[in-house]
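> In order, the protein sequences belong to chains A and B.
The first sequence maps to residues 1 to 46 in our numbering.
The second sequence maps to residues 1 to 659 in our numbering.
Just so you know, these hints were derived from the structure itself, not from any lab.
There could be a bad hint or two in this list.
Derived pair list, reagent style EDC-like, types lysine to aspartate or glutamate, alpha-carbon separation capped at 16 Å [what the hints assert, rightly or not]:
| no. | chain 1 | residue 1 | chain 2 | residue 2 |
| --- | --- | --- | --- | --- |
| 1 | B | 156 | A | 45 |
| 2 | A | 3 | B | 521 |
| 3 | B | 316 | B | 370 |
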Amino acid sequence: MTKELARELFRRINELIKKEADESEIRKVLDDAFLQLMARKERLEG
Amino acid sequence: MKVNVKVTDLGPFKGVREFTLDSERLNVVEAPNAAGKSSLIKGIAASLGLPTKRRVTSELARRLGLLPNTPEDRNPLVNIEAQRATVELSIDGQPHKLVALAYGLPKVEPPGDERFLLAGLLLRESEIVRHLDEGSDDFSWLVSTLSLSSWYEGAKRIVEGYQIEARDILERLQADKRSIDNYQQELEQLRAEREKLIRRRKDLETQLSTVLREEDPDLTAKIDTLRTDRNEKERNIKRYQQMIADRKAERDRREADLKRIKVRLLELEADLKKIKEQLDKLPTRREIEEAEAEASELRRTTIPNLREEIGYWKSKVALLEQAVQHITKHAGIVPCPLCQECQAKPIGLIQRVNFERALTNARDRQREAESKLAKAIQKAEDLESLRLNVDRKGKELQKKKSELEAEFNDLKGKQIEAKEQLEPISQELSSLERDLLREQTELNEINTRLQRLLTSGQFERRNQLVTALRQVELDLGRLNERIARLESEVESKIKVEVKGEVVQLASAISLYQEWVETLTDLALQIDDAIEQQRKGAARSFNARVTPLLEEMGFEGLRVWIDESSYKLKVLRGNVEQPITSLSGSERHALAAVLTLAAKEAYAPDIPFFLVDEVLLDFDKKRLTALSNYLKETSRSSGMLVVVSRLGGEKLNVRSVEEL
Numbered sequence: 001m002t003k004e005l006a007r008e009l010f011r012r013i014n015e016l017i018k019k020e021a022d023e024s025e026i027r028k029v030l031d032d033a034f035l036q037l038m039a040r041k042e043r044l045e046g
Numbered sequence: 001m002k003v004n005v006k007v008t009d010l011g012p013f014k015g016v017r018e019f020t021l022d023s024e025r026l027n028v029v030e031a032p033n034a035a036g037k038s039s040l041i042k043g044i045a046a047s048l049g050l051p052t053k054r055r056v057t058s059e060l061a062r063r064l065g066l067l068p069n070t071p072e073d074r075n076p077l078v079n080i081e082a083q084r085a086t087v088e089l090s091i092d093g094q095p096h097k098l099v100a101l102a103y104g105l106p107k108v109e110p111p112g113d114e115r116f117l118l119a120g121l122l123l124r125e126s127e128i129v130r131h132l133d134e135g136s137d138d139f140s141w142l143v144s145t146l147s148l149s150s151w152y153e154g155a156k157r158i159v160e161g162y163q164i165e166a167r168d169i170l171e172r173l174q175a176d177k178r179s180i181d182n183y184q185q186e187l188e189q190l191r192a193e194r195e196k197l198i199r200r201r202k203d204l205e206t207q208l209s210t211v212l213r214e215e216d217p218d219l220t221a222k223i224d225t226l227r228t229d230r231n232e233k234e235r236n237i238k239r240y241q242q243m244i245a246d247r248k249a250e251r252d253r254r255e256a257d258l259k260r261i262k263v264r265l266l267e268l269e270a271d272l273k274k275i276k277e278q279l280d281k282l283p284t285r286r287e288i289e290e291a292e293a294e295a296s297e298l299r300r301t302t303i304p305n306l307r308e309e310i311g312y313w314k315s316k317v318a319l320l321e322q323a324v325q326h327i328t329k330h331a332g333i334v335p336c337p338l339c340q341e342c343q344a345k346p347i348g349l350i351q352r353v354n355f356e357r358a359l360t361n362a363r364d365r366q367r368e369a370e371s372k373l374a375k376a377i378q379k380a381e382d383l384e385s386l387r388l389n390v391d392r393k394g395k396e397l398q399k400k401k402s403e404l405e406a407e408f409n410d411l412k413g414k415q416i417e418a419k420e421q422l423e424p425i426s427q428e429l430s431s432l433e434r435d436l437l438r439e440q441t442e443l444n445e446i447n448t449r450l451q452r453l454l455t456s457g458q459f460e461r462r463n464q465l466v467t468a469l470r471q472v473e474l475d476l477g478r479l480n481e482r483i484a485r486l487e488s489e490v491e492s493k494i495k496v497e498v499k500g501e502v503v504q505l506a507s508a509i510s511l512y513q514e515w516v517e518t519l520t521d522l523a524l525q526i527d528d529a530i531e532q533q534r535k536g537a538a539r540s541f542n543a544r545v546t547p548l549l550e551e552m553g554f555e556g557l558r559v560w561i562d563e564s565s566y567k568l569k570v571l572r573g574n575v576e577q578p579i580t581s582l583s584g585s586e587r588h589a590l591a592a593v594l595t596l597a598a599k600e601a602y603a604p605d606i607p608f609f610l611v612d613e614v615l616l617d618f619d620k621k622r623l624t625a626l627s628n629y630l631k632e633t634s635r636s637s638g639m640l641v642v643v644s645r646l647g648g649e650k651l652n653v654r655s656v657e658e659l
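This is chain A alone, in the form it adopts within the complex:
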């Protein structure tokens, strides 16, 4: 699961870099990914 998430994060960061986006957008992607991971684990643990 972590490898899959890391790959997805890299893909999204790659897109942002190619768009020369601001660093705050990379932080937003990482913050969102943590919340997603948290929600996914909560669902799995029921």
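Let chain A serve as the given structure and place chain B on it in line with the hints.
Chain B only, in chain A's frame:
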């Protein structure tokens, strides 16, 4: 290509001046000292290379004198008597405007390409010149800045920040887990000890009963009654405790349900927001009509024009191929086979290399036109199918939105229902806790009365037993207190708050372990990307350096950026040499080669190459070689070359042939 330049209040020059730059010639900015040559070149550079987004290129722009050193300083491009300077360029009909304010950041419309500051400018302050002047062979900054590697490095720094934070939190959570494990181990020991004390109390009480029975049968009966009452109270207390635990578990279950509903509602809200944004982003009816009009224009004008242009280049390629074949057949240097005038009146000799370059250029232009045609056809098709796609996408999004809204409303109902079910459980819990307290108070009273009865006699044996019993009760009290304190410690640490949500400690540890693993994987992938970018950039750069060195007459010299250390390697003959072994003039000539290589590798789409002062250090042979190369490149590729020269009485732009 011709470019009109209009400058106002730029550097030492006050007022408005207009110049025309032409790619068919080598443009020379000629002026006496302090008349504005460098300001004109820097003004053009600023209008093409600012604003910079990256820290490293912002510093370079300051060093080049395109930005003030600090926000409080005066902009060096603005005339001392003016409040602003402007540089206006018109490239292929596209206006570019720089407005440099005396104080504050300049405004550039459209925004420039910061790579130009490294790869399109050859000044004394240029980064490549500076490094070679200092004898530095570290060129990792060049591959980092011109490729995307520095952006990946920025992303890596952010990810590392997140890694440090996540590891700190994980270590703290694991320390809490170790404390809890220790507490629980201690609790197990204390509970076993309590069991032992309870057994000891029972034993002492049995012995005391026997003694008391022998003393006074009535007293024994009273004590027995009180013991029966005490046992009953203790049973009641256990029952209440069990009921409270059951209700609490029930409450926790329902609260977990509510939390799940809340999480799902948040997800649904986010999904609905995304769908709304997508719906808002769909082109409007007017935009669709505009797209259809644009498609029609493409079909009517652009596509036929491009087909015509391809035909033109195809015929030119065929002609040039014929010319090259002709020259190859006659080898070496021959009269021009194309020019009509040559047959009647030979006008001179043309080098074969010029034809080959013109052929390459014509093929490039043909390919470029073909690529533009394919793109135009694709664009026309895309624009024509826009209405259909928008309708289909709109319907899909509306359907998805309705489904999500239905689920959202259903869950909202369930949330209200779950909240309503939680309320009676909380009330029942309060009532049970009150009952438990009452039973505990009554038990304490019974124990006091029992103690009083047990201590009423005079016999030595009985007193010994009572003292021992009291000691056991005291030890039991202390043990219970310690157990309660530890249980409370465990209770306070077993749940933690993560991003506003209360979760079990074990879940939080597992969450942060996965997050740390994810960030580590991500950092490794970014490292790979950095390495790929740097290697790719070094390779493109090296591929252009060797032919340029030959062109500029550097015989027996090999220069390249090493693909693992990113150091600039210089080989003369077969011997590696430090940069410091090159003479000052040689370093500047090499800087010109490296800057041109960087320009061709990383910024071929910016049709400018600006040179100021550096040429003054060149010997005649190198100056001729560079001038010839620049003239030829500007003619064949349409690149505008501007160089400065000391001379004349006032600021003027002329062709090198005129001088």
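> Would you list, in rising numerical order, the hints stated earlier that this structure does not obey?
1
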